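Got chain C; can you put chain Y on it based on the hints?
Number of protein chains: 2
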Amino acid sequence: MITPDLDKIATDLEGLEETIIARLIDRAQFRRNPPAYRPGESGFMGEKDLSLFALRLKFQEEMDACFGRFAVPEERPFNANLPDTRRMVRLPDNCLQVTDYNVVNLTGKILDSYLDLVPRICAAGDDAQYGSSVEHDVYTIQSISRRIHYGALYVGEIKYLSDPETYGNAIDAGDVDTLEALLTRPSVEQRILKRVEEKVAVLQSAAKIDTRITIDPEVVRAYYAAYIIPLTKEGEILYLINRGKLPDP
Amino acid sequence: MITPDLDKIATDLEGLEETIIARLIDRAQFRRNPPAYRPGESGFMGEKDLSLFALRLKFQEEMDACFGRFAVPEERPFNANLPDTRRMVRLPDNCLQVTDYNVVNLTGKILDSYLDLVPRICAAGDDAQYGSSVEHDVYTIQSISRRIHYGALYVGEIKYLSDPETYGNAIDAGDVDTLEALLTRPSVEQRILKRVEEKVAVLQSAAKIDTRITIDPEVVRAYYAAYIIPLTKEGEILYLINRGKLPDP
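Protein chains in written order, with this note's numbering: chain C, 1 to 249; chain Y, 1001 to 1249.
Excised from the complex, chain C in its bound form:
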């Protein structure tokens, strides 16, 4: 059972933060490689329209769908029309009060934000290593997506349980501004941003600095401030608005 335990959820979010940073550092070892993102230039037989990046993401999610990944609440797919799972997945019970986890799916915005981030962590130019670049891109956006949706769902539920009456009234009134105000804790956000910046530095301190490519801690901090924290909050609001609703028959 995944219980509404704020300490546990906060720790899990910290762990996911380390994964995101490690993935970004991995991606930064390659150049920006613009052709990998250009539709129609994948060099993939039988695939005229998509970019190599979009194709890799599609293939990855088709495989993941077969293995049952998207039965997990915080694993939301970037693609539609994925195959059904081929695996019997038994997941632990959880405390979430939505039946369709996809009511919180921010993958479109996550994708846009990430493509905007690539030029800020990768050196300009083309090293022809498109396959490795998009492989790391996919692992990175999956880790970002997991962090955002995990936070959105479980922190959303925990906040609700902390004051059901106040949240319930705002939900019933469809009052998004009040929900946003209730969910915003500037001191917590500042602590996360500071910790992320420090972690980027620590995780790179083991690297041989003269040759291994490093990323700027401030860039990751700014990405958290501009996207990860706001999108998590947007997801919390989506969760709350849909909380307790029965699915369409």
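Just so you know, the hints here were simulated from the structure itself, not pulled from any lab data.
Just so we're clear, the structure is a prediction, and the values are computed from it rather than from any experiment.
Glycine is no exception: its CB is placed at the ideal position from the N, C-alpha and C atoms.
Check before you lean on any hint, since a few could be wrong.
Some but not every residue of chain C turned toward chain Y, in silico, with C-beta under 7 Å [to be verified]:
#, residue
1, 22
2, 45
3, 48
4, 59
5, 67
6, 131
For chain Y alone, kept in the frame of chain C given last:
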């Protein structure tokens, strides 16, 4: 062009070492989960024989093969009978003097060594998160395999070029013992082992120690000593024995 530059290759190997450690830490967040490794218990429709781990590795490599991964010298497949690439891959030239990179393929031994390592980095028991466990297993063994084959191929070539006559004589005589002695540098190996142990500690120093699961630096050091370094050397010998040979017609 990937040139026989020992500094560059050594730096790349250091980078790959960080990736291996990060992947091991990711895997250690889950329990050992024995059912994920038991043949016939994958819960996967239409798949009666393989374990979930073996299936995940097979699906991953089938996807990777479509994207051209195994055209890269250091990316050697664990599975046979993979599909042909669907992608036109243009790789940089390299300095290697074998035409079939698969003459150096140590994936069987890598797989065995990794399955032996899992109980030493993961807590005993079953958390039912089999899908995540095997996903991380696959990323981890791919990173270990890349490290070993990259070292085997490029260090093999560099060592040869450092003394073509001595190496050439040992190769012509099929004298594996002499090759092994020529390739062994205890002081370099000790330096790698010390660095690996320190890096495990550094990479975990950012973690919240009371809840995030950590791995024992000594276990990773021992794995390097027992497998990664010896298998790299075994691969260097395979490379040298096959160096310059033309493929079978």
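- Message: So, against the hints stated earlier in the document, which numbers end up violated here?
- Response: 3
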